[in-house]
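Participant: Chains R and S, in that order, are what the protein sequence lines are.
Per the working numbering, numbering through the first sequence is continuous, rising by one, with the last residue being 149.
Per the working numbering, numbering through the second sequence is continuous, rising by one, with the last residue being 1110.
Not one of these hints is a red herring.
Taking CB as the label site, the calculated pair distances span:
hint, chain 1, residue 1, chain 2, residue 2, range
1, R, E14, S, M1047, 34 to 40 angstroms
2, S, G1084, R, E22, 32 to 38 angstroms
3, R, S16, S, L1048, 40 to 46 angstroms
4, S, D1061, R, A135, 39 to 45 angstroms
5, R, A84, S, P1065, 44 to 50 angstroms
6, R, I111, S, P1065, 21 to 27 angstroms
7, S, E1103, R, A33, 38 to 44 angstroms
8, S, M1047, R, N128, 17 to 23 angstroms
9, S, E1103, R, E108, 28 to 34 angstroms
10, S, M1068, R, T51, 23 to 29 angstroms
Derived by calculation from the structure, the hints in this document are not laboratory data.
Don't be surprised by glycine CBs; every beta carbon is placed ideally from N, CA and C.
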Amino acid sequence: MKSSYFAEGAIAIEPSCANFSEAVSKATSLLVATGSATKKYVDETLAALETLGPYFVVAPGLAIAHAKPSDSVLRPAMALLKLAEPVTSGSHNDPVSLVFAMCSPDSEAHIEMLSEFGALMSGKGVINSLLNASAESVIRQILASKPLY
Amino acid sequence: MLQLKALSVRYWLQNRFTRGVLIYAVCGAGIGTSVLLKANAERALSMLGIEAEVQAVTIADARGPHRMAQVVLATPEIVDQLAGIPAEVIAINNIFDLAELGEKLKSSLS
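One chain only, chain R, in its complex shape (with noise of 0.2 angstroms):
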């Protein structure tokens, strides 16, 4: 998918998280850091978390952290926290190590951005090789290449 979706300094890698929250958190706080939310984001997708519960955990070991459209996102990007140490969320599709963060200012301007997301996310393997990769470079190079469809 395109590289531009995931801005320099968009896809961090850390040892561990104490808890999902901390990790949706953190995750959410990569698209505050590169400029496409701002801070209020961040408590908008922990409130739909509280309320909702884990339902973006959407494949094992995978989650897809995001809230509704709000003037606090300034443009459609998305994020990744890999965890070396994967992390509990309560979703059938524990343990979660990729968390990744999304967010789009209206219900239009991110449906590109997703699909090549999901279609790059549904080719064999692919979740896989993120899950074993270490290196944000390895990283970069999974999400840049081309799905299969």
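Go by the hints and put chain S onto chain R.
Facilitator: Showing chain S alone in chain R's frame:
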């Protein structure tokens, strides 16, 4: 021979009438999980050759007063919150698994 004919009539009917099938892909915000789910459900449906319309919606929309979908797709945590809606609600464990999506959609729509 008769069996074959019955089968082809069945497929004809299916193709003729699945045009109107509406599927909701539901998530909390209506922009993230549901959009991914919609994109992959559409891929799975096209692999199966089933024609249907898939819409990404929020929990509130799925409960709302619009035209009700025949099938509702969501992650298990969201399924718990859709109890009582007049549609078949299907939990998708791995939204990137086209085989899981395809199997569940096929058994629900055929």
